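Q: Spelled out, the chains give:
There are 6 protein chains.
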Amino acid sequence: MLKLVFLSFLLLILTCNASVQDFCVADLMGPESPSGYTCKSPANVTATDFVFTGFRKAGNTTNIINAAVSPAFDAQFPGLNGLGVSIARLDLAPGGVIPMHTHPGASEVLLVVQGSIVTGFISSANQVYVKKLLKGDVMIFPQGLLHFQINGGGRTAVAFASFGSPNPGLQITDFALFGNKLSSALVEKTTFLDDAQVKKLKSVLGGSG
Amino acid sequence: MLKLVFLSFLLLILTCNASVQDFCVADLMGPESPSGYTCKSPANVTATDFVFTGFRKAGNTTNIINAAVSPAFDAQFPGLNGLGVSIARLDLAPGGVIPMHTHPGASEVLLVVQGSIVTGFISSANQVYVKKLLKGDVMIFPQGLLHFQINGGGRTAVAFASFGSPNPGLQITDFALFGNKLSSALVEKTTFLDDAQVKKLKSVLGGSG
Amino acid sequence: MLKLVFLSFLLLILTCNASVQDFCVADLMGPESPSGYTCKSPANVTATDFVFTGFRKAGNTTNIINAAVSPAFDAQFPGLNGLGVSIARLDLAPGGVIPMHTHPGASEVLLVVQGSIVTGFISSANQVYVKKLLKGDVMIFPQGLLHFQINGGGRTAVAFASFGSPNPGLQITDFALFGNKLSSALVEKTTFLDDAQVKKLKSVLGGSG
Amino acid sequence: MLKLVFLSFLLLILTCNASVQDFCVADLMGPESPSGYTCKSPANVTATDFVFTGFRKAGNTTNIINAAVSPAFDAQFPGLNGLGVSIARLDLAPGGVIPMHTHPGASEVLLVVQGSIVTGFISSANQVYVKKLLKGDVMIFPQGLLHFQINGGGRTAVAFASFGSPNPGLQITDFALFGNKLSSALVEKTTFLDDAQVKKLKSVLGGSG
Amino acid sequence: MLKLVFLSFLLLILTCNASVQDFCVADLMGPESPSGYTCKSPANVTATDFVFTGFRKAGNTTNIINAAVSPAFDAQFPGLNGLGVSIARLDLAPGGVIPMHTHPGASEVLLVVQGSIVTGFISSANQVYVKKLLKGDVMIFPQGLLHFQINGGGRTAVAFASFGSPNPGLQITDFALFGNKLSSALVEKTTFLDDAQVKKLKSVLGGSG
Amino acid sequence: MLKLVFLSFLLLILTCNASVQDFCVADLMGPESPSGYTCKSPANVTATDFVFTGFRKAGNTTNIINAAVSPAFDAQFPGLNGLGVSIARLDLAPGGVIPMHTHPGASEVLLVVQGSIVTGFISSANQVYVKKLLKGDVMIFPQGLLHFQINGGGRTAVAFASFGSPNPGLQITDFALFGNKLSSALVEKTTFLDDAQVKKLKSVLGGSG
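Protein chains in written order, with my numbering: chain A, 1 to 209; chain B, 1 to 209; chain C, 1 to 209; chain D, 1 to 209; chain E, 1 to 209; chain F, 1 to 209.
A hint or two may mislead.
One copy or any two copies: either way a pair holds, since identical chains are not told apart in the list.
Said to hold, decoys possible - Below 35 Å or equal to it, Euclidean Cα-Cα: the simulated DSBU-like pairs (lysine-lysine) are:
no., residue 1, residue 2
1, 135, 181
2, 181, 200
3, 135, 199
4, 57, 189
5, 135, 57
6, 135, 189
Worth flagging that the hints you see were computed from the coordinates, not collected in a lab.
Predicted model only: the values in this text are computed from it and were never measured.
Between the sequences and the hints, there should be enough to build the whole structure, so can you do that?
A: Encoded structure:
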């Protein structure tokens, strides 16, 4: 008897709660809003939506920078849509470099889990903050500031970068300047780089103009 | 000549920028506000302020839960004050458990870096989402919901939890119910637990009343 | 003449303003985003959309807890979608209890309008803050922390809880632990409760496993 | 033995948590920041800080508007500083009116607990939304829009207004226009009111110029 | 060779980035959410979406207030949807006035680019802050407070108002009181204005009731 | 009599409001928090605090870039502290350039008030959006993305940039790379620029290492 009464109360509460959304798993095919993707129906959400397994194996570092960035942002990991956090895996083979870049939308916490990494950022006041991180060390990079990572030793380094946004963005300075159709004249005028230097990097990075 | 002129422009800009604060390294002795600690003077900030080295060694798991939580929140890692992110290290010896808990102030991204972890959360709509995570796997826990971690295998597991706040808080349900002076009568009335059960756990967890 | 000129100016302004959205009455059938429901067309909005009349009569307290929670969150009161506030009515018959629970998404202001209520919360630092509130008294519960309400007298108590979010969520600890399919083994491992206790409450609250 | 080991773990956790701030009870004498007052030391906080008892008796309505507004904003109720909510009590004797006003900083949820109230707001698109609320009815007023309350019946009405900010502000149009030193010339030029009307209300409301 | 390898890395990164949304150009025909309009597909976005040319010519000031407000909010300038800023042009012929008004959703920075403007605001604490601005001067108006602008000289004045929201709203007090169907009785009761005054302005501004 | 009664009500309200803070004029000597500077006492605030007159004359463009940036951020214009907006003046003599830069903390609305400006930004997805703006034209630059301005004609151009933050920051790429003590080796490794190019610009911009 007691049980039945309680159950009816429970059902009552659950009916109310059925519409509560603690999360908003992204419907990647739906419309996007400034706050993120629209939500998959809660009825279709399963535990799998909240798990990302893409970091089980290392990123492919057989490229010119000997490094790889594997993001688990909302587009790759729909479960964190709207929840204010995301994460990415960095692999740096010996000699590997994540070139100078910014995340326009969030601050970053970097955690080294293998090897060592020389990393740093430059502030708006033009100060430089550089450190060598060992396994287990963490560094914070304030939102939107230029920073970089370099493998600091002779073995492959692995790190994870966490962000205070499901979609922090990533702007690699070299790609922004030399990897698109921004004209060489505009690049030179706005960076004071020499024409030969700009054209050389445009050629390497596939830029035109 | 060109150089001198440019330098004077640079100095002009730098003077303006000297007051720009991209970051706010916590002055732990200063007053706190709802947005976090007040800031250490930028003139006294060095690269060391942005690095946390407390995760180099494992947390001590020789305790009853065979597990340890080591936070790098703003109080432990002043450099991330005001920047919207933080991180904690979890060590779980074989049989180790991080008991049912919530973070009132932020969502969590959990990354397994060693061993395996069985983990899950319960939603407001009372749904259960449980998964076993292997090394490299990531799970997202929406803000404020009950969740737990259990070592999923025979060896020590290590994980890192990142949060979308420099101070997400941590409320372990058992400690909240049984580890303080909240009277047994109130605990029983509000949880429907039996008196013997409450008194037993209060005894184990050091609660009174 | 004056009037006509002014009117044309007015019309001009009104044309501009026609697209201004001070509010976003929820279209409960439309897609949801992390910031809430999409908006009903302003052309179809009337004063009725901004009024909720569901609190005119008391909630049904003839259940095992002798209490009822009636929410006016965005799903029940579409007019407050996106506006950062919501409200719920609490009815507690003599002996009534709102069991230990949290609101993952917002702080709560509780106002007693009839009878008296013993209420309190537990902080992340494991401190207990309990008070007996009389008619007219208000208590604040910080976001995401465990709290409870108990009828503090011999007559029915009525209170209203206001929240700093249109959808604060509600997680009742007992329902989360014992009212779903979370396995008894996992509950016991993560709460240190005895097997008999867990199974008893699972039976009462309709949980399985 | 078990108990001692657990206790030491508990103490470890508590040491970490000692710096966790779930709340920020206002130190009204300390410096204020854009996010609110600085915090009283948690060590000095008691349950009393989270309770406001100023609504136990009715506001004094023996004045020209036959009404009273009693706020429990952060300056009156320091416990809700930084927590994103606040509340105020409205008393309206028969014939009482809360004149046209706005809250610049938050949306409002109005709850009638005694009598009836005629209330409404005007949108940016110049639409009017007016309703008569009975006991138990709730109306939502979007942030910053002009609204008013009038006693809708023959007995005293009581209502509570909750806000999505600890400090929503209150700007009563009549006081802003006629109750200060804003010159009559400026008032007339910017409102198109007649000089006699402006001077009459300035006289009643204590304005000069 | 080097180039090819780099390019493949670049393509890899670009694939990831293809889903990154730094912006959310409004799809004015799509559903709206509390955070703004849903986004136009990035594939269809061009530089033109980020430019607004509607301020090239002056607003039409041949009306009773000898002034014009031309907004570039999200409805007029879809490119700034979700980006937290907007702008409007003000033209004030000699004698021109922007009547007393508020922006419910954002603070305003006013910049005078031609002529001079007498402007001011009234605070919640009922203080008046009035200044005459010359060309190049800037004034800040805190969110939601009553303010006005008057041409301060003998020639046409031009100013630009920037806002900390893509949709700050605009509520002109006179229009809200006298330019709609809000009944004269309600206006008089909530503003203490005389019946003749209310009816006169209702007549001028096209209000009924 | 009526007047006296009303006045006493007014005083009552004003007492309550005396602690309401619609604004928080920065006390530049006080402690800073993540939400901005602490507030000057409202009793000492005057209309002058809300006005900035530093844009009355043009910035000095007799430098190598033939351009000047004059910010009115919170450090220069304390009145906008905490209010979510700021503004800067740009002067570009013929041939003048504001070099490639980002604002880490806010989106920008650029308004051309004299001459013409060629300007553009590069997205995270590496797309380029460039336009020539004429007098009166406005362009929006999303938060944190690289952008630049070049005088587009034969006469001096003047523009104003408004931001959705009182302190958006400013990071000029060239200064960040070449104008400080970041070692040439690190610059080269993270940008792929040639050693000679880096050393040349370091020499021009005053960098060392």
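Q: The structure should be examined with respect to each hint, and the outcome stated for every one.
A: Going down the list of hints, with the structure as the test:
no., hint, result
1, 135 x 181, "between (40 Å within a copy, 26 Å between copies)"
2, 181 x 200, "both (14 Å within a copy, 26 Å between copies)"
3, 135 x 199, "between (39 Å within a copy, 33 Å between copies)"
4, 57 x 189, "between (43 Å within a copy, 26 Å between copies)"
5, 135 x 57, "both (19 Å within a copy, 9 Å between copies)"
6, 135 x 189, "between (42 Å within a copy, 22 Å between copies)"
The structure meets every hint from the earlier list without exception.
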